Amino acid sequence: MIVKDAVCPFCGCLCDDIEVEVEDDRVVAVTNACELGTTKFMGEKRLKNPILRYGDEWKDITYDTAIRYAADMLLSAERPLLYGWSGTHGEAQCVGVHMAELVRGVIDNTSSVCHGPSILAIQEVGHPGCTLGVVKNRADLVIYWGSNPIDAHPRHLSRYTRYAEGFFLENAFRDRKVIVVDVRKTETANIADEFVRIKPGGDYAVLSALRAIVQGKTDTIPRTVAGVTREQLVRVANLCKSAKFGAVYFGLGLTMTPGKYKNIRNAIELVSELSRHTKFTISAMRGHYNVYGSNEVNTWMTGYPFGIDFSRGIAFYNPGETTAVDILARKECDAALIVGSDPAAHFPRKCLEHLADIPVVQLDPYPNATTAFCNVQIPVAVTGIDAEGTAYRMDGVPIRTRRVLSTDYLSDREVLSRMYALMQEAQER
Amino acid sequence: MTFLMITGRTVNQGVTVENKTSAEYAAETSTCFMHEFDMLELGLADGDSVRVTGACGEVVMRASASVEVEAGTVFVPYGPYANHIVAAGTHSTGMPDFKSHEVEIEPTDEEPKTVHELMEDLGGLAYDR
Amino acid sequence: MTELLVKNACVIDPLRGINAETMDIAILDGKIVEEVSDAAEVIDARGMLTLPGGVDSHTHICGTKVNFGRYMSPEDMRAGRTPRRGPLHATSGYSVPTTYGNSYRYSVMGYTTLLEGAMAPLEARHTHEEFIYTPLQDTMANVLFDGNWGIMEAIRDGDTKRVAAIIAWTLRAVKGFAIKLTNPGGTEAWQWGKNVSCIRDPVPYFEVTPAEIIRSIVEANELLGLPHSVHLHCNNLGTPGNYSCTLGSLGLIPDLNEKRQTLYAAHVQFHAYGGSDWKDFCSKSEPIARFVDMRPQIVMDMGQVMFGRTTTMTADGPMEFNLYRLHHEKWSNHDVELETGSGIIPVIYRRKNLVNSIMWAIGLELALLTKSPWQCLLTTDNPNGAPFVKYPEIIGLLMSKKYRDAEFATIHPDTEARVPLPAIERELDWYEIAVMTRAGQAKALGIQDLGKGHLGPDADADVAIYPLRMDEVDPSVDYQKVIDAFSRTEYTIKRGRVVARRGECLVDGSNATFWVRPKVSENYDMGKDPDFIEKFDRYYTVRMRNYPVQEEYLNRNRCIETEARI
Numbered sequence: 008m009i010v011k012d013a014v015c016p017f018c019g020c021l022c023d024d025i026e027v028e029v030e031d032d033r034v035v036a037v038t039n040a041c042e043l044g045t046t047k048f049m050g051e052k053r054l055k056n057p058i059l060r061y062g063d064e065w066k067d068i069t070y071d072t073a074i075r076y077a078a079d080m081l082l083s084a085e086r087p088l089l090y091g092w093s094g095t096h097g098e099a100q101c102v103g104v105h106m107a108e109l110v111r112g113v114i115d116n117t118s119s120v121c122h123g124p125s126i127l128a129i130q131e132v133g134h135p136g137c138t139l140g141v142v143k144n145r146a147d148l149v150i151y152w153g154s155n156p157i158d159a160h161p162r163h164l165s166r167y168t169r170y171a172e173g174f175f176l177e178n179a180f181r182d183r184k185v186i187v188v189d190v191r192k193t194e195t196a197n198i199a200d201e202f203v204r205i206k207p208g209g210d211y212a213v214l215s216a217l218r219a220i221v222q223g224k225t226d227t228i229p230r231t232v233a234g235v236t237r238e239q240l241v242r243v244a245n246l247c248k249s250a251k252f253g254a255v256y257f258g259l260g261l262t263m264t265p266g267k268y269k270n271i272r273n274a275i276e277l278v279s280e281l282s283r284h285t286k287f288t289i290s291a292m293r294g295h296y297n298v299y300g301s302n303e304v305n306t307w308m309t310g311y312p313f314g315i316d317f318s319r320g321i322a323f324y325n326p327g328e329t330t331a332v333d334i335l336a337r338k339e340c341d342a343a344l345i346v347g348s349d350p351a352a353h354f355p356r357k358c359l360e361h362l363a364d365i366p367v368v369q370l371d372p373y374p375n376a377t378t379a380f381c382n383v384q385i386p387v388a389v390t391g392i393d394a395e396g397t398a399y400r401m402d403g404v405p406i407r408t409r410r411v412l413s414t415d416y417l418s419d420r421e422v423l424s425r426m427y428a429l430m431q432e433a434q435e436r
Numbered sequence: 002m003t004f005l006m007i008t009g010r011t012v013n014q015g016v017t018v019e020n021k022t023s024a025e026y027a028a029e030t031s032t033c034f035m036h037e038f039d040m041l042e043l044g045l046a047d048g049d050s051v052r053v054t055g056a057c058g059e060v061v062m063r064a065s066a067s068v069e070v071e072a073g074t075v076f077v078p079y080g081p082y083a084n085h086i087v088a089a090g091t092h093s094t095g096m097p098d099f100k101s102h103e104v105e106i107e108p109t110d111e112e113p114k115t116v117h118e119l120m121e122d123l124g125g126l127a128y129d130r
Numbered sequence: 190m191t192e193l194l195v196k197n198a199c200v201i202d203p204l205r206g207i208n209a210e211t212m213d214i215a216i217l218d219g220k221i222v223e224e225v226s227d228a229a230e231v232i233d234a235r236g237m238l239t240l241p242g243g244v245d246s247h248t249h250i251c252g253t254k255v256n257f258g259r260y261m262s263p264e265d266m267r268a269g270r271t272p273r274r275g276p277l278h279a280t281s282g283y284s285v286p287t288t289y290g291n292s293y294r295y296s297v298m299g300y301t302t303l304l305e306g307a308m309a310p311l312e313a314r315h316t317h318e319e320f321i322y323t324p325l326q327d328t329m330a331n332v333l334f335d336g337n338w339g340i341m342e343a344i345r346d347g348d349t350k351r352v353a354a355i356i357a358w359t360l361r362a363v364k365g366f367a368i369k370l371t372n373p374g375g376t377e378a379w380q381w382g383k384n385v386s387c388i389r390d391p392v393p394y395f396e397v398t399p400a401e402i403i404r405s406i407v408e409a410n411e412l413l414g415l416p417h418s419v420h421l422h423c424n425n426l427g428t429p430g431n432y433s434c435t436l437g438s439l440g441l442i443p444d445l446n447e448k449r450q451t452l453y454a455a456h457v458q459f460h461a462y463g464g465s466d467w468k469d470f471c472s473k474s475e476p477i478a479r480f481v482d483m484r485p486q487i488v489m490d491m492g493q494v495m496f497g498r499t500t501t502m503t504a505d506g507p508m509e510f511n512l513y514r515l516h517h518e519k520w521s522n523h524d525v526e527l528e529t530g531s532g533i534i535p536v537i538y539r540r541k542n543l544v545n546s547i548m549w550a551i552g553l554e555l556a557l558l559t560k561s562p563w564q565c566l567l568t569t570d571n572p573n574g575a576p577f578v579k580y581p582e583i584i585g586l587l588m589s590k591k592y593r594d595a596e597f598a599t600i601h602p603d604t605e606a607r608v609p610l611p612a613i614e615r616e617l618d619w620y621e622i623a624v625m626t627r628a629g630q631a632k633a634l635g636i637q638d639l640g641k642g643h644l645g646p647d648a649d650a651d652v653a654i655y656p657l658r659m660d661e662v663d664p665s666v667d668y669q670k671v672i673d674a675f676s677r678t679e680y681t682i683k684r685g686r687v688v689a690r691r692g693e694c695l696v697d698g699s700n701a702t703f704w705v706r707p708k709v710s711e712n713y714d715m716g717k718d719p720d721f722i723e724k725f726d727r728y729y730t731v732r733m734r735n736y737p738v739q740e741e742y743l744n745r746n747r748c749i750e751t752e753a754r755i
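Residue numbers (our numbering), protein chains in the order written: chain A, 8 to 436; chain B, 2 to 130; chain C, 190 to 755.
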């Protein structure tokens, strides 16, 4: 059987043109997906059943036992952390928010360690953006800044920019210019028309220099700025101003470097400035296929995109205080529920040392680095493979993922709903 | 020698990310990409072990020459090896300094640990060894 | 079987011509019936003012741009917070509350049906997801067609039937209720950073004018037999002198429908400005109201501005950019491929600001100068003019000259020379307020036959009982009592169940989503049209099969089928 128009649950591109060939309830071939997506669709090695750490041993347990364990853990915790959420569908994220509210916990998603700083910048200055198709059909200039799509979002270039057809471009490949700004000469830099190499930590200064040039203050610019020559800066500024439609896509090269959200703020303000001259937009290269969905769900349900603390009953938001890395590093939480992410691989060691000290339950189809810190892990169906549900593309377009396989695994939503029902029952008693 | 360590995503890291207990994931995320002149200066050949020491610990990785990185900086694919030495401070943003860590690098005879060993060093218990 | 009997209700039910009659209301399984058994639960309304549940025919509560308004505004979220309590979830937000915040606060004011004013088709799934978490009101959404490529091409080719066919396919796909045009043509021009100034400017590349778009889509709307008329946000919103553009747009509209208007003109306050720049800015409410008085084919809503902080959000991207250049606050924009766009900025309307004071006056003037309340409905274009929680104050202002004068004394002193408001003596009565807040809205939306906006047999049992007796309150003097009563129902009944009582919501609910499926002939099924399919595949970034909103996203699925004449 061939499933057409399947939705790839890997990165924020959320490609929905995948063909998946299934035989005997196994994926045997994948067409149209990149290497990352193909590997995910073909993934095997799933955990077969829930497991419980028992001293220095792992025991197999039933779903009922595992779900009961998780519910009890959350109910008896004083300050539970519910973290992850980017690797699951929106319907499960909604249950997660209700659970956090019920136990007065902290709910945070992986954006606190990817584009959290971008959100902080947007909260200061807003966000002039657009859907990916607007760029595909119109943009004659695309700037990748601190992002490396060839490695992290491989089909971004072919579906939306460099190699994409566009309604208003006669010969898109020839008529569309691509600029790459990075500290490394990445693979993406090799396919750019112009590569701007910045000294590490110099993004803010370069953005400020470009803003000054766009405002007509070129004479204030020194000969080089963070390793970039004035000539190149002027050339880039002129390319921007003379474009009919320019689009900036920035990545973790801006959010994780010194300055963090101030870098993004500067980039957005450059785009707002350019909007007085021509059409310009800016957008974040979101990582997980549904990290943006997690921000959306949290926002309509609590008012904030990430880092929400319900300990006072109301939703309270203060990134740096109510975000997962900080809460773990301060040894503040006394239980953790992890869904759809792998903090043990992605958090600094100090956070892991605390995870080792507290009860942890994880919902994940595969054994991963966080498994080692779990008291219980519950395998679930993979959204987009054996579970359906809503995901939000990096530009905010929501797409319903398809189920290409049927398995006996419960979805995240089903497992969490059962957990929540137990918790509601216990609270009513 | 002192270097600026930058972490980030790579295709190989992404391909193996759903299988983090595999040897391939360990090999990718324990690779320290360096400029060849820096490797020469430290007397390193491709695949040699290096001890990378940061503000909050040390970890053994393997050096690999790369034309993408500038002298004085090293690039490590995002994962448990780099995070073993990344500090947890976030300057009140929620975000650690994943792309701006000062590290010391020196040759060593030790082998990189497995992901399981790293996790167990911090108090975890490996599942599918 | 659940039965409820509301006794001694003093009912105003304009769609049935009932004006302040004391009667009982019998409810069986969520519907109004003639009578119930003795076993029914009884509520004694003790002569209190009882109206059909409130209907908001133009509000922004759910979807991409609304959520982005929350996302970018933690300061607004902090400005209105309640904890989880009983069956109620925590809420945040003042001008753009969370979905639960919207739902609970509307419910406490007696509102039971809401129309989301602008949904981009490509992002419709998002609106429907948020509807699910708006539990205490039935919902429906206007679908944006202002910059739709396929439609503009069909208009250029003079093919109105194809226009109708594309609309039919899209409404069905995105589970939409009605057609919305926001700055027609302007949102497409804005994707090049440009705009159209009024109805005669051609749209770049497509070479059709806003006037052609409006006329053709109005015709298509009637070909499809849709319950609601075209819902228009005119070109040139918010600029001095724009009233002539507004009159030009309204003048395009023939009278094509016996049951309702042919055009719904949204938030006309923002389109009723005189002057040539901000220096001689003034009210042009009088010519607009006179024009509408003579044309039964037009219904408008006020788009009243109230002083204080709020968030503006609209599909009109270029207008928001102009506003950003005036205010220098944060600015968000979101263009949507092949369809439309949107923009958001926070604003503060200030009494000490002359322009803001004039805007405040214009909204009230429109309501007071338009003869028939059925033609000027009460809205703030929530949250653009003000958050909906200000509706009771607006009711107070419309019912009391004394209150208006007291407020007028606090605004910019030069306002008097620029607006007719101080000379207007009219005070609206209870019946007129009931028209402007439910009956008229239901009629304009074309949902009275679906049991909305009245309390006749078989209507949905949505009832609002306000803690006020009309014989004890003189609204022109006791306006504070009017405001208090409309802020907090004694009972709000939704589908036969008491959902709010004296300011407290009592239960979690489950709303119904209304949407329209026009039945068209095989030849006009765009799902089978090779040209439509080819363009879709080439220029959208979502596959055509993944575009339609699945029925999983509809809580209680209220599909309205229409017989299209194509």
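Each hint should be verified, as a subset may be incorrect.
Covered stretches of chain B, going by a simulated chain A footprint (3 or more residues, C-beta under 8 Å) [to be verified]:
1) 5 to 11
2) 44 to 52
3) 62 to 73
4) 79 to 85
5) 116 to 127
As a list, the in silico BS3-like pairs of lysine-lysine whose alpha-carbon atoms are at most 27 Å apart [as the list claims (entries may be wrong)]:
6) A/K224 / C/K724
7) C/K519 / A/K269
8) A/K11 / C/K724
9) C/K724 / A/K248
Rather than coming from a laboratory, the hints here were simulated on the basis of the structure.
None of these values were measured; they are calculated from a predicted model.
Beta carbons: idealized from backbone N, C-alpha and C, even for Gly.
Against the earlier hints, flag every one the structure doesn't satisfy and list their numbers going up.
Failing hints, ascending: 2, 6 and 9.
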